[in-house]
Amino acid sequence: MIEIHNLSKQYDNQPLFKGLHLNIAKGSVVTLIGPSGSGKSTLLRCMNGLESFQEGHISVNGQKLYGIHEQNYNKAQVHLTLKNIRRKVGMVFQQFNLFPHMTVLHNIIESPTHVLGISQAEAESNAISLLQKVHLEEKAHSYPDQLSGGEQQRVAIARSLAMKPEAMLFDEPTSSLDPEMIEEVLAVIKDLVSEGMTTVIATHEMSFASDVSTDVVFLERGEILEHGSPKDIFYNPKNDRMRAFLSRFMK
Amino acid sequence: MIEIHNLSKQYDNQPLFKGLHLNIAKGSVVTLIGPSGSGKSTLLRCMNGLESFQEGHISVNGQKLYGIHEQNYNKAQVHLTLKNIRRKVGMVFQQFNLFPHMTVLHNIIESPTHVLGISQAEAESNAISLLQKVHLEEKAHSYPDQLSGGEQQRVAIARSLAMKPEAMLFDEPTSSLDPEMIEEVLAVIKDLVSEGMTTVIATHEMSFASDVSTDVVFLERGEILEHGSPKDIFYNPKNDRMRAFLSRFMK
Amino acid sequence: MNYKLLFTRSILLLQICLSVLYFSTTNSFAHQNTLEKVKSTGVLIWGFDAEGGAPYVFHDPKHPSKLVGFEVELVAAIARELGVKVQHFQNAWDSILLSLQRGDFDIALNGIEITPDKEPSVLFTRPYYVYAEQIVVRASDNRINRPEDLRGKKVGTLYNTVAKRMLEEMGEITVNIYSGQVEPFKDLSLSRIDAVFVDLPIASYYAKPNPQLRLVGKPAGEGYYGIAVRKEDTALAEELNKIIEKLLRTGELQKIYSRWGLWNTAQEKLFLHEEPLQKYTENLPSVSEKVSPSVTKFLPTLLKGALVTVGISILSMMLAVGLGLILAITRLYGNTWLQRISTAYIEIYRGTPLLIQLYILYYGLPNIGITLSAFAAAILGLGMNYAAYEAEIYRAGIQSIPKGQTEAALSLGMSKRLALKRIILPQALRITIPPMTNDFIALFKDSSLVSVIAMVELTKSYSILASASMNFFKLGIITALLYFGMSYPLSLYARKLEKKLRLYDRNP
Amino acid sequence: MNYKLLFTRSILLLQICLSVLYFSTTNSFAHQNTLEKVKSTGVLIWGFDAEGGAPYVFHDPKHPSKLVGFEVELVAAIARELGVKVQHFQNAWDSILLSLQRGDFDIALNGIEITPDKEPSVLFTRPYYVYAEQIVVRASDNRINRPEDLRGKKVGTLYNTVAKRMLEEMGEITVNIYSGQVEPFKDLSLSRIDAVFVDLPIASYYAKPNPQLRLVGKPAGEGYYGIAVRKEDTALAEELNKIIEKLLRTGELQKIYSRWGLWNTAQEKLFLHEEPLQKYTENLPSVSEKVSPSVTKFLPTLLKGALVTVGISILSMMLAVGLGLILAITRLYGNTWLQRISTAYIEIYRGTPLLIQLYILYYGLPNIGITLSAFAAAILGLGMNYAAYEAEIYRAGIQSIPKGQTEAALSLGMSKRLALKRIILPQALRITIPPMTNDFIALFKDSSLVSVIAMVELTKSYSILASASMNFFKLGIITALLYFGMSYPLSLYARKLEKKLRLYDRNP
Ligand SMILES: Nc1ncnc2c1ncn2[C@@H]1O[C@H](COP(=O)(O)OP(=O)(O)OP(=O)(O)O)[C@@H](O)[C@H]1O
Ligand SMILES: Nc1ncnc2c1ncn2[C@@H]1O[C@H](COP(=O)(O)OP(=O)(O)OP(=O)(O)O)[C@@H](O)[C@H]1O
Ligand SMILES: [Mg+2]
Ligand SMILES: [Mg+2]
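Protein chains in written order, with our numbering: chain A, 2 to 252; chain B, 2 to 252; chain C, 30 to 537; chain D, 30 to 537.
Note that these hints are calculated values from the structure, not bench results. Wrong hints could be hidden among the right ones.
[Said to hold, decoys possible] In the SDA-like style, the derived pairs of lysine to any residue whose C-alpha atoms are separated by at most 20 angstroms in a straight line are:
#	chain 1	residue 1	chain 2	residue 2
1	D	Lys432	B	Met103
2	C	Lys528	A	Thr104
3	C	Lys450	A	Thr104
4	D	Lys525	D	Ile507
5	C	Lys183	C	Gln241
6	D	Lys528	B	Asp212
7	C	Lys183	C	Asn171
[Unchecked claim] Distance windows between CB atoms, simulated:
#	chain 1	residue 1	chain 2	residue 2	range
8	C	Ile399	D	Lys275	29 to 37 angstroms
9	C	Ile355	B	Leu117	20 to 28 angstroms
10	B	Leu81	A	His142	44 to 52 angstroms
11	D	Pro329	A	Pro16	37 to 45 angstroms
All C-beta atoms, glycine included, are put in the ideal place defined by N, C-alpha and C.
With the rest of the complex left out, here is chain A (with noise of 0.2 angstroms):
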C-alpha cells in the first residue's frame, strides 16, 4: 500500500535520508525502532506529505508524491495528491497536537463532520464509543489542557481513528501510556489490522514493537540497518549494532 523508492531528504544540507527503500504491503504493521534522531518521526511524516524531500517518489494507494528535485516534481499535482493521501491515511502524533480550544469531543468530531460531512450526530456517538474503547468517555467535555498526559494521548488516536482511514501513522503511541492503556491500545491496534488497516509505528517499546507487528524496520542514522519479522530481529538479529541497541530488551 505505501511503497518508498530511492527517498533522499536533507535538513540543513545534513543529508538524513541517502536513498532508502520500503515497501509497506496492505494490511501490515510495520514498527520503525532505532535510535533517537535516526528519522523514524520523519520517515512518518515524509509518508502524509507533512515534510518534503528532495529526491525519489513515495506512493500512497497509487499516488505518487515526488521529491522536488524530481523531474515528475509538479506542484499544482501535490495539492490533489495530498488531499487524497490524507483522507486515507491518519497519524498521530508525538506531541498529540490537540486542539486546545475545542473539548475533547469537538476535537473528535471536528474533522468527520468538516471533511466527511458526516452528520453530527452520528459523528458524536462515533466520538464517544471511540472514547469508550480509550476509557476517556467521561472527560469527553473536558478541553485537552485539563487532561493528562496519558489522556491527552488517547484522545489523539481516537481523533485519528474517527476519521476511518485505511492506514495509521503512530509516533511513539505508547510513549505516554501507562502499561494497562499499552494492553488496551493495543488491543485497539489489533482491532484495526484486523480489518484489513495498514499501520506504521514508530517506537521504542520493544515489547510492543514485538507483540504487534508483521514488520519491524531498524532504522539508524536514517539507513534500513534490517528489515524483516518480528522474530527474525528481537531474536535473531544480524548486524551487531542491532544487537547492541537490542541488548537491554533483550536482558
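Knowing the structure of chain A, use the given hints to seat chains B, C and D with the ligands on it.
Chains B, C and D with the ligands alone, transformed into the frame defined by chain A:
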C-alpha cells in the same frame, strides 16, 4: 528530604488527592507508578510549588508549603519558600518545555548564569560536559525545534542538571527515549544518586522503575495504594489492583 | 479635523469663563426703564453671538479679539445717535431672547427674524434688513425652479444659517450641512446633491463663475431682521425706530450694507415699514420663562452625531476586518505575486495619511466616473485604511499558533483553508483581540476625519453646536464622555470575549 | 491639524492646475513697453501672494473666492487712475520677483520691502507704506527694552512675516514660529518665551488689554514697501509714482489705510519721498536669472520638519514602550489595586481624544505650577497616550506564550521577574512586532497633532511652506512621500527583526 503531609487537592471541585502522606528520604530514588490520570504529574508539580493545593503541607528541605485553606498559609511567605525550594529541586517536564528562542547551549546555561551567577565560560564548559553525558554535544547550537523528541528530552534533563540541584523530579523522563538512551539516563541518574541526589520519577516503564528505584509508590485515583521496595512491589504485590496493573510487566 | 480650532477656542473660552467668574456682575436693574438707564449710564449693552456670524457679527480673522460685521457698524451708528457707548455681550444664539428677557443686555440685534412666534416674549423694532436665500442647481438640471421643487431632493446648505432653518421647516428634504463654503458646490457639480440653498451673496460668488451651475428662481424666503428689546421697553423701541428711519434716510444704512456687499434692491422695502411689523403690547413679561439655557437640550443632536460615528465605525471596522483577513492570508499563503500585492497594499495604506486617501476616494474617483456617496466613501476610506493595520495584526496572530496545529489538521484530511478557518483563526483570534480593540477605539476618533466629506458625526456635531452656542467647554466634556462611552463598552466586551476564549495553558 | 484646510486647498489647487493646463497662455510679450501694453489692452496684471497675506491681500473669509486687503484697494485705485482693469496673478511670495522678470505680470505689489539687494533685478516706485514691528514682553520683565535686547532670548512671532525675517536676520535669537495669533501671547504669559515680536496692530490687540503683558520700545524695523516693476519699465514706474503722489495728496491712501487700521503717524514720511528711493538704471535685465522656482529648495525645510517628526515619534515611542510594558505587567501580575489602576489608565487614555490630553498637559498643568516645554509636552502627551495602546499589545503577546514556558523557568530557580525578562518577553516580542509597527507608523502621523503646541514638525512645515508658496499639490505629494519614507524603513526593519526572531515551529 521531602515530606508530604495530609495533602488534599481538587480540580474544579473534582477531588484528586484526599489526605495523602508521603516521606521521601534524602538520597532515595522514588518512582511513582500508576495508571494514566492517577495524579503522578500533579503530585510532582505540587512538590515544586507549580500547583497549589487546598489542605495539608509539603516540606522540602525544611521549607514548608501550606495548602491555601490552611491556617499557616501566608502569601508573602510562600514567595520566599518557593524560591528556596526551586533552587534546590530541579524538574524535567513530560512536554520538555524547552525555550524555543534559545539554542540548546543557551537553554542549559541560562539559569546557571542568571540565577547562580556562574560565569558564562564556566557555565558553558559545564553544559558541554552535560551534553556529552546525553550524547548531544553536536546539537549544542541547534534550536529545540530542530531536534527529535528524544533529543529534546535529553536537553531538558541536561538543563535541569546544570542547576546542580539537591533533588530532581522527573515526569516520564524515558517516554521519548530509545532503549539505549534509557540505559544512559539510568546511568546518569545512578551517578546522581551516588552523589546523594534525591530523585522522584513518575514513569510507566516498570523495568526502569524496578532497576533504578529505592522506593516505588503506586498511585490510583490520587491515592497511594502501595509503597515499598521495587522487589516487594513488582515481585510480591499485595494489592489485587496492582497485580492487574502489573500483569503485563510480569509476563 | 476641526479639532485644532475647537480646542484653541475651548481653552480660550475656559479662560474667559474663569475670568467671568471674577468679574461677573449680575444685572439686577433689568426691569427699570431701559432707555433711561442707557442714557444715564451712557452705555448700550448689545447682545449677539459672534460665532458663525459672518457677515453679521464675527471675529476679525486678522485680529481675532476685534469684532466686525455689518451689525457691528449698525450698532455703532445707533449708539452714536443715542449718544452712548456700546458694550458687547456675547450670548449663545439659541438663548439670546431668553437672556434678553433676563436682563443680560439691552438690545438683541443679531439676524433675529421678526416672526409671530416671538411676539409673546419680546418687542421688535421696525426691520433693519431684508434677507433672502438663493437656490443653485446644476446648469443641466431643469427639475428645480422654485423652493417648492426642493421637496424630496438632497439639498446642501451651511450650518447655522437661515437657509438651513428654512430647509428644515420645509420638510421632506434631505439636508446636507456643510461647514465649508466650497464643498456644497463641489458636491453639487458631482451630482451628489441636487441643489444648494444659501445666502444670495455666497451663491453669487461661487455659482456664477462656474458654467456647470446656475442660480434659479428669485431669492426666496424674504424676511426681516429686527432689533429685539424687552416687552416693556416701548420707549427704547420707539427711539430705535427713529434712529433706523434716520439711518435709512441719510443713506448711512445703505453705505454700511454696500460696504459689506449686502445692499440690493430688496432693501428698498425697508422704507415701507415705518411702523414696527408687530404692534406694541402693554403686558408685562412673564417671569416664568427665565430658564437658564441647559446643555441637556444639545444632547439629542450630539447623540445623533454619536450614532453616525458608531455606525461609520462599525461598518468600516467590519470592512477592515474582512479585507484585513484577506490581506493577511494572501500575504502568508498566497503565491509570490499575491504576496507582493498585499504587502504593497499594506505598506502604502499604512504609510500615507488617511486624509489623502479619503480625498482621492471622494473627490478623485469622480474624475474616472465613479461617484461615491459621502457615506460610502467614509466607510470605504476608513475600512480600506484600517484593513492594512488589521492585516498585520492577523498575520501576527496566525504566526503565533504552533505549526503542529496546522499539521494535525492537515493530517486529519482538512484542506489548508478549512484548517485555517476552524483551527488556526479561532486560536489566533484571542491574541488579536487586544490590538483589534485598540484599533477599533482609535477608529472611533479617526472617524471624525470623514467630516471633511460632509458627514455630520460626533465631532462635527460638537463643532456645529459649540459654535452655535459658544458652550465649547461643557460640550467638549460631554463629547469626550460620549467618545469614552463608545470605547468603554467595547473594551468591556473585548475583555469578556477574551476570557471566554481563554486557552488553559497560557500565561495569566 | 490643519489637514482639513490643507487638503481642501490642495484638491482645489489640483483642479486649478488642471484647468491651467487647458487655458494656459505664456506671456510672450514680456519685454515690450509695459505701460503701453497696459493702456492698449486696458488690463493691469498684478502679481501677489494671497496666502498668509492679511491685511495685505487675502481671501475674504466669508467669500473665499474674493480677495480683500489694503493692497487690493490700493491696486484698484491705481488701476482706476490708469483707466484700466486689474487682473490678478497669484504667485508664490518667494518667487514673486523672478516671475515679474519673466513677464508673468506687470507689477509686483505685495509688501515687498525696498532693499538694496533687490536693486539689480527690479525697479521700485516711491514707497507706498511705512511698516514697523513691535516688541511685547511680560509686564514684570525689565530685561528687554530694544530689539537688540532680544539677543539670546526666546522670541515668538508669526510665520511668513517681516518680524520673523527680522528676528532671523538679527541672529542669536531662538525664534518660535506660531501660526495662530493667540498662542504666542499665551506662551509669553506662561514664560515659555521671553518676548513676542509682531506687527504693531496685532501686538496692540492682544497685549494692550492683558495686564500681564506690555509693549516695550518704539515700533522697530521701520521700512518701506514699494511697487516693483521690471527694470526697463521706467515709464510705468514714473506713472505709478505720479499716481501714488496723487493718492497721498487727495487723502485716498490715508482713507484706505485707516479703513484697515493701518494709518499711523509714521505714514507721514511717505510725503518725504517724492523720488523713488532707488535710482533708475538703464541696464536691461539679465536673462540668466530666469530660473523657474523649484520645489527642491523647500526640501531642507521639509526635511527639518521631518526630523522633528522623527525625533518626537521616536522619543515618545520609547516612552510608550517603557510605560506600556510597566502597565501590561502590573495589569497581569500586579495586586488588585495596581491592576485596577493600570486598567483605568488604559481605558481613560485610550478612550479620550489625544488632543484633550495634550492641551491639559500644555495649557492645563501650568495652573498647578508645572510648566512643560512644548517638546516635553509633546513627548509626554504622545508617549502617555500610546502607552495605553502598547500595554494592551504586550498583554496579548505575553498571554500568547504557553504557561509551560513560565513553569520551566520557575522550576529552574528563576524569579518571576527574571522569567518574564529572559523567557516570556523575548518570545512575546515577535508576536507584538507587527501591531507595534502599526502603532509606530500611526504615531508618525498622529504626531502632527503636537503642532497645536507650537512645535514645527513635518505637517506644520508643509503648511507653512505651502501657504507661503501656494505649491499645495507638489508639496503635498512630497510630504506624503516623506511620511512614507519614515514608515517604510520601519516596516522593513520590523520585518527583518521578525524573521530573526522567528521560532521554528510556528505557522509560516
Ligand atoms: N488543569 C486541570 N483541570 C482539571 N483537571 C485536571 C487538570 N490537570 C489535570 N487534571 C486531571 O487530574 C487528573 C490527574 O492528572 P495527572 O496529570 O496528574 O495524571 P498523571 O498521573 O500524570 O497521568 P499520565 O500518566 O497520563 O501523565 C487527571 O484525571 C486529569 O484529567
Ligand atoms: N527542522 C529540523 N531542522 C534540522 N534538523 C532536524 C529538523 N527536524 C529533525 N531534524 C534532525 O533530523 C534527525 C531525525 O529526526 P527525527 O525526529 O526523525 O528522529 P526520530 O527518529 O523520530 O527520533 P526520536 O526517537 O528521538 O523521536 C535528528 O537528528 C534531528 O535533529
Ligand atoms: Mg520522533
Ligand atoms: Mg503525567
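Results of checking the hints against the structure:
{"no.": "1", "hint": "Lys432/D - Met103/B", "verdict": "holds (17 angstroms)"}
{"no.": "2", "hint": "Lys528/C - Thr104/A", "verdict": "holds (16 angstroms)"}
{"no.": "3", "hint": "Lys450/C - Thr104/A", "verdict": "holds (17 angstroms)"}
{"no.": "4", "hint": "Lys525/D - Ile507/D", "verdict": "violated (27 angstroms)"}
{"no.": "5", "hint": "Lys183/C - Gln241/C", "verdict": "holds (18 angstroms)"}
{"no.": "6", "hint": "Lys528/D - Asp212/B", "verdict": "violated (47 angstroms)"}
{"no.": "7", "hint": "Lys183/C - Asn171/C", "verdict": "holds (15 angstroms)"}
{"no.": "8", "hint": "Ile399/C - Lys275/D: 29 to 37 angstroms", "verdict": "violated (58 angstroms)"}
{"no.": "9", "hint": "Ile355/C - Leu117/B: 20 to 28 angstroms", "verdict": "violated (51 angstroms)"}
{"no.": "10", "hint": "Leu81/B - His142/A: 44 to 52 angstroms", "verdict": "violated (40 angstroms)"}
{"no.": "11", "hint": "Pro329/D - Pro16/A: 37 to 45 angstroms", "verdict": "violated (59 angstroms)"}
When the structure is compared with the earlier hints, violations turn up for hints 4, 6, 8, 9, 10 and 11 and for no others.
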